[in-house]
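Each chain is listed here by its residues.
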Amino acid sequence: SAVISQKPSRDICQRGTSLTIQCQVDSQVTMMFWYRQQPGQSLTLIATANQGSEATYESGFVIDKFPISRPNLTFSTLTVSNMSPEDSSIYLCSVGPPVRYEQYFGPGTRLTVT
Amino acid sequence: QKEVEQDPGPLSVPEGAIVSLNCTYSNSAFQYFMWYRQYSRKGPELLMYTYSSGNKEDGRFTAQVDKSSKYISLFIRDSQPSDSATYLCAMSDSPHTGNQFYFGTGTSLTVIP
Numbered sequence: 172s173a174v175i176s177q178k179p180s181r182d183i184c185q186r187g188t189s190l191t192i193q194c195q196v197d198s199q200v201t202m203m204f205w206y207r208q209q210p211g212q213s214l215t216l217i218a219t220a221n222q223g224s225e226a227t228y229e230s231g232f233v234i235d236k237f238p239i240s241r242p243n244l245t246f247s248t249l250t251v252s253n254m255s256p257e258d259s260s261i262y263l264c265s266v267g268p269p270v271r272y273e274q275y276f277g278p279g280t281r282l283t284v285t
Numbered sequence: 091q092k093e094v095e096q097d098p099g100p101l102s103v104p105e106g107a108i109v110s111l112n113c114t115y116s117n118s119a120f121q122y123f124m125w126y127r128q129y130s131r132k133g134p135e136l137l138m139y140t141y142s143s144g145n146k147e148d149g150r151f152t153a154q155v156d157k158s159s160k161y162i163s164l165f166i167r168d169s170q171p172s173d174s175a176t177y178l179c180a181m182s183d184s185p186h187t188g189n190q191f192y193f194g195t196g197t198s199l200t201v202i203p
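From first to last, the protein sequence lines stand for chains A and B.
Sequential numbering from 172 applies to the first sequence in the working numbering.
Sequential numbering from 91 applies to the second sequence in the working numbering.
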């Protein structure tokens, strides 16, 4: 299994600002995933981040709003840009081997936008 | 219609009870079914997975899939206070990286000592 850490663990931000969330893994992984978990809603995949290539975004998510970096095989960042209260959520990164049902999740970043 | 439906609860049971958690789905192509457990302020952790129909048992946990009814269940026997968490079902038509997984909204469970 992989050990994943995220920073920050929580933050309160003002409308219109941006927040960058970091995800660090204790081993090299090919693919990392970013999810959003809103109260009462399903865990929703935002994008898949591959090292050395552009992230692949799911329907409803765009790079301008959620830019992602993946500079190496153990690290990724997700930026939530020009935030609004609707962006208040828990953001989770996860990693997994080619068989994805074994994916491991980080502890999450709890974001509140005021 | 959502791909996956899950009763959010909350569900509260006494210690030692048998707990039944359920999800229904609409996509008949789903073949891989997972249950994740998520403690408060933690990320989800994989509990069990099953492929296609049938039962799978792991200690006090049993996962059951009925593809004909598009219905999956997780049973917890002899429930313990440490089982108090949110349980998420997830499913996919493929386990391979790059394929979309569909999650339920989660059921909040509290086991009362």
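What the hints contain is simulated information worked out from the structure, not anything from laboratory work.
There could be a bad hint or two in this list.
What the hints assert, rightly or not - Below, computed lysine-lysine pairings styled on DSBU-like, alpha-carbon distance capped at 35 Å: (1) A/K178 with B/K132; (2) A/K236 with A/K178; (3) B/K132 with B/K146; (4) B/K160 with B/K146; (5) B/K132 with B/K157; (6) B/K146 with A/K236; (7) B/K157 with B/K146; (8) B/K92 with A/K178; (9) B/K92 with B/K157; (10) B/K132 with B/K92; (11) B/K132 with B/K160; (12) A/K236 with B/K132.
Said to hold, decoys possible - Some chain B residues near chain A, calculated using beta-carbon distances under 8 Å: (13) F151; (14) G194; (15) T195; (16) L199; (17) T200; (18) I202.
As the list claims (entries may be wrong) - Chain B is faced by these chain A residues, among others (derived, beta-carbon under 10 Å): (19) I175; (20) Q195; (21) Q208; (22) T215; (23) E229.
The model shown is predicted, which means the values in this text are computed figures rather than measured ones.
Note that the Cβ used here is the ideal one computed from N, Cα and C, for glycine as well.
Inset, instruction - Please name the hints from earlier in the document that this structure breaks, with their numbers sorted from lowest to highest. - result: As far as the earlier hints go, 6, 13, 16, 17, 18, 20 are violated by this structure, in ascending order.
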